[in-house]
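**Student:** Single-letter residue listing:
2 protein chains.
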Amino acid sequence: MTPKQKPDHKDLAALLAPDILELLDSAPESIPAETAELHPADLADVAEQLPRKALPAFLAALPSDRAADVLEYLDDDLRAEVLEGMTTEQAAPLVAEMNPDERADVLDDVDEETAEDILDAIPEETRLETERLLEYPADSAGGLMTTEVVSVLETETVEAALSQVRTIARGGKREAMNTIYAVNAAGSLTGVLSLRELLAAPEGAHIHDVAWTDVQRVIGSADREEVARVTSEYDLVAVPVVDERGRLLGAVTVDDVIDAIEEEQTEDVQKLGGMEALDDPYMQTGFFALLKKRAGWLAVLFIGEMFTASAMGYFETELKRATVLMLFVPLIISSGGNSGSQATSLIIRSLALGEAKLSDWWRVAIRELSSGLSLGAILGGLGALRVIAWQMLKDENIHFAGLMIGKEYGPNYMLIAITVGLTLVGVVTFGTLVGSMLPFILRRIGFDPASASAPFVATLVDVTGLVIYFTVALLVLRGTLL
Amino acid sequence: MTPKQKPDHKDLAALLAPDILELLDSAPESIPAETAELHPADLADVAEQLPRKALPAFLAALPSDRAADVLEYLDDDLRAEVLEGMTTEQAAPLVAEMNPDERADVLDDVDEETAEDILDAIPEETRLETERLLEYPADSAGGLMTTEVVSVLETETVEAALSQVRTIARGGKREAMNTIYAVNAAGSLTGVLSLRELLAAPEGAHIHDVAWTDVQRVIGSADREEVARVTSEYDLVAVPVVDERGRLLGAVTVDDVIDAIEEEQTEDVQKLGGMEALDDPYMQTGFFALLKKRAGWLAVLFIGEMFTASAMGYFETELKRATVLMLFVPLIISSGGNSGSQATSLIIRSLALGEAKLSDWWRVAIRELSSGLSLGAILGGLGALRVIAWQMLKDENIHFAGLMIGKEYGPNYMLIAITVGLTLVGVVTFGTLVGSMLPFILRRIGFDPASASAPFVATLVDVTGLVIYFTVALLVLRGTLL
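Note that the protein sequences, when read in sequence, are chains A and B.
When we follow our numbering, the leftmost residue of the first sequence carries the number 1, and every step to the right adds one.
When we follow our numbering, the leftmost residue of the second sequence carries the number 1, and every step to the right adds one.
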């Protein structure tokens with residue numbers, strides 16, 4: 001089978017599921033051997049294809065370390081559901097076999113009673129370790145880390161360390177095994193070296209001779225964005241986590257960092273779209289849960305947008321006198337929204353990557369003021385040209401595909417063109433400025449800059465856009481149309 | 001220094017730069033020792049703080065492997081600029097020392113002449129390897145991979161493989177060192193095992209006894225999104241890259257995967273904001289480059305939005321007869337845009353994560369139709385209530401903070417409320433459907449779904465929103481206002 005013809009792994013899971021189901025009935029003891037070569041992620045896909053009620057039997061048919069692996073890759077909600085449906089005697093050994101970080105996650109997901117029952121039934125040491133992890137918020141370095149790291153005393157020899165590592169490696173899996181941490185007698189992190197560097201170290205050397213002492217680290221309470229930043233900046237495969245006094249607690253492995261980055265991005269994109277971030281993937285979110293996350297923001301934006309009706313009402317006399325002004329209302333407010341949306345997504349991303357800092361706000365403001373004026377001049381020019389062109393097409397009585405195009409704007413069409421053009425300069429500049437500054441303001445007052453969604457900015461800009469439009473119109477058209 | 005007080009690494013670089021500059025003048029030979037403990041990423045930050053013209057001297061003062069490391073972490077543009085400013089004799093040894101994937105990247109970045117000169121001056125084998133990498137697009141698995149992977153024949157013993165690995169490890173760095181690939185005599189990838197598993201393997205075993213045979217892999221031409229998906233799904237630290245015949249070419253390491261994920265995400269957010277993706281970080285993009293990326297889409301959207309002026313013109317008679325209809329135009333079109341923006345960002349993210357597939361389009365359509373109707377009912381209810389409430393406030397002559405609130409909509413205010421309410425149901429449903437289907441359509445015709453930006457959807461929905469509004473108005477208000 002060449003890689004190109006390889007079926008999609010989800011399809012593979014769908015193909016395998018019926019066979020597994022049959023084996024569960026006829027010969028469950030053969031399941032471990034039949035599935036031995038499958039990656040746990042694929043085996044979890046197979047498990048997701050099985051009927052819910054067959055899942056406990058399927059997990060029971062696997063050796064407990066393998067079943068624990070499958071649980072780690074299973075969809076979070078399904079995993080909680082399965083564990084809640086098992087007896088404590090069935091669930092506890094599986095949970096005890098999981099990696100410490102995943103174990104803490106799953107106990108966060110199941111209902112409190114199940115979590116307590118399972119915690120009481122797992123070995124003392126595992127329980128204490130898990131309780132320590134559960135103290136950290138799920139999104140913090142402490143919540144993401146595994147405690148199963150390899151640490152050696154800095155005073156040991158390379159040979160002693162290597163033999164210790166081989167023993168640990170034979171004893172079972174340790175997630176963060178490719179990196180070895182050097183600690184001093186107090187447990188403080190003093191150095192780091194990769195397994196490769198340990199292998200390559202000259203015989204007879206001590207760990208403190210060969211370890212790097214400039215160790216990138218995060219503290220347990222650090223946010224997952226900070227963990228991602230350090231991992232990405234220093235190309236790490238694991239970030240060590242320390243307590244306030246610098247003692248090694250564990251490490252966040254790069255697979256969890258990638259998951260954290262992707263979750264963070266999903267949240268950002270959803271917020272940017274003007275809704276609350278979902279807790280689960282879209283396809284797995286229930287209809288009403290989805291509606292709730294969307295309706296809230298949509299209603300808030302709608303209520304904000306109601307001020308446009310008030311603004312329009314305020315200028316009703318002008319609108320009645322010069323109905324031609326109405327025609328350009330949608331064009332003008334949408335231009336403000338679009339330019340604001342561009343600016344806000346640029347700045348949100350720049351802040352998220354740590355590329356722009358809070359203190360850069362004024363540099364950004366100056367830059368976006370110039371950008372806004374330039375973009376406004378371009379759109380203003382296009383808008384004014386549109387008015388003039390349509391009037392000329394009308395004057396020449398030009399037809400296109402049988403339809404008359406062009407539009408009669410009356411003798412003051414030049415003034416209308418000027419009104420539309422100047423308004424666009426103002427609206428686009430204002431939209432760009434608001435869109436770029438809002439993420440800074442939100443971060444300053446402690447909110448996620450990504451909440452400065454495109455619709456939010458558009459709503460802020462719409463009312464002001466109308467005020468700018470009618471103010472310009474009053475100035476330009478006074479004595480003629482108004 | 002406790003981690004909490006640790007200064008930001010950029011600040012650190014700014015503090016160190018003057019010292020380095022002084023040393024460059026007085027005692028350049030002491031620079032390697034002075035900077036030996038710094039992570040190359042931090043040393044690159046220091047380099048970025050130095051005056052441009054001091055950079056070649058700074059790199060020359062470092063041992064060439066260290067200088068090559070610094071180059072790998074240096075900002076892409078600066079790196080190209082520095083290499084272009086060096087003589088070929090200075091640049092070639094540094095480039096030759098870089099990791100193969102970074103070497104190919106940097107030769108992609110510098111001007112063609114410099115690239116050719118450097119390629120001609122580096123050792124034959126390195127040159128051929130680099131040229132092979134340069135054949136792949138920068139965003140493909142082949143463009144991201146390093147060729148320095150550790151592969152062993154599947155028929156070797158664990159001891160022979162381990163001693164081979166130790167030799168390679170002592171010989172110099174290999175990026176993808178934590179994973180060992182098993183190949184057969186034809187060079188085809190047949191298995192994989194981690195360095196840990198090799199260390200833990202029983203003595204006397206052969207590689208094919210202990211390696212995993214179910215190897216996740218990508219082909220050289222695979223897109224970086226596919227590479228990210230496989231890495232994230234299977235928690236890999238490196239993804240092996242093979243050719244069409246399954247022969248091992250190299251591997252993409254997880255640090256490059258993270259960079260690719262973040263770049264992809266930046267592009268998506270920028271496209272979602274309604275602009276072309278930037279080539280460089282925002283703060284480093286020149287004013288005119290930035291303007292070009294923004295003005296294009298903004299002008300296209302503006303021209304699309306011009307149809308709203310035509311639509312408004314088409315209904316001018318109705319608007320003149322019932323000017324009250326004007327007041328709700330911004331409210332109605334923005335609601336369509338906002339609901340479309342929500343739907344489109346939800347679906348774009350779901351498609352990007354591979355959670356929803358192209359074939360799911362009809363499931364999504366049904367779901368979004370129901371969501372749109374429900375959200376439309378909520379906003380429609382709010383909108384109708386607003387009209388009725390303002391009329392009642394006006395009737396009661398209620399004042400708030402000295403201002404009269406409320407609004408006279410005339411005797412047909414109930415019909416206006418019904419018009420606004422029904423229109424909102426239609427517009428929000430339409431916006432939600434268009435917003436959710438557009439990413440599918442774009443992917444189907446081979447475009448990036450993320451191009452279905454919030455402003456793009458809003459523009460599509462605005463004209464239709466106006467048509468819906470006036471059609472509903474004609475139906476409801478015929479015989480009264482119209």
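To be clear, the hints were calculated from the coordinates, so they are not data collected in a lab.
Check before you lean on any hint, since a few could be wrong.
What the hints assert, rightly or not - Straight-line distance between alpha carbons at most 20 angstroms, and here's what the computed EDC-like set of lysine to aspartate or glutamate pairs gives: (1) Lys357/A <-> Glu318/B; (2) Lys320/A <-> Glu318/B; (3) Lys394/A <-> Glu262/B; (4) Lys320/A <-> Glu316/B; (5) Lys320/B <-> Asp75/A; (6) Lys320/B <-> Glu89/A; (7) Lys293/A <-> Glu318/B; (8) Lys407/A <-> Glu262/B; (9) Lys357/A <-> Glu316/B; (10) Lys357/B <-> Asp75/A; (11) Lys293/B <-> Glu316/B; (12) Lys53/A <-> Glu37/A; (13) Lys357/B <-> Glu72/A; (14) Lys357/A <-> Glu355/B; (15) Lys357/A <-> Glu262/B; (16) Lys357/B <-> Glu318/A; (17) Lys407/B <-> Asp75/A; (18) Lys394/B <-> Glu316/A.
To be verified - Sample of chain B residues at the chain A side, in silico, Cβ under 8 angstroms: (19) Ala169; (20) Ala205; (21) Asp259; (22) Thr266; (23) Leu272; (24) Gly313; (25) Leu375; (26) Leu393; (27) Lys394; (28) Asp395; (29) Asn397; (30) Thr464.
Said to hold, decoys possible - A few chain B residues facing chain A, derived, Cβ under 10 angstroms: (31) Ile31; (32) Gly446; (33) Asp448.
Ideal Cβ placement from N, Cα and C applies to all residues, glycine included.
**Student:** Of the hints given before, which are not true for this structure?
**Tutor:** Hints 1, 3, 5, 6, 7, 8, 9, 11, 12, 13, 14, 16, 17, 20, 26, 27, 28, 29, 30, 31, 32, 33 are the ones this structure does not satisfy, whereas the remaining hints hold.
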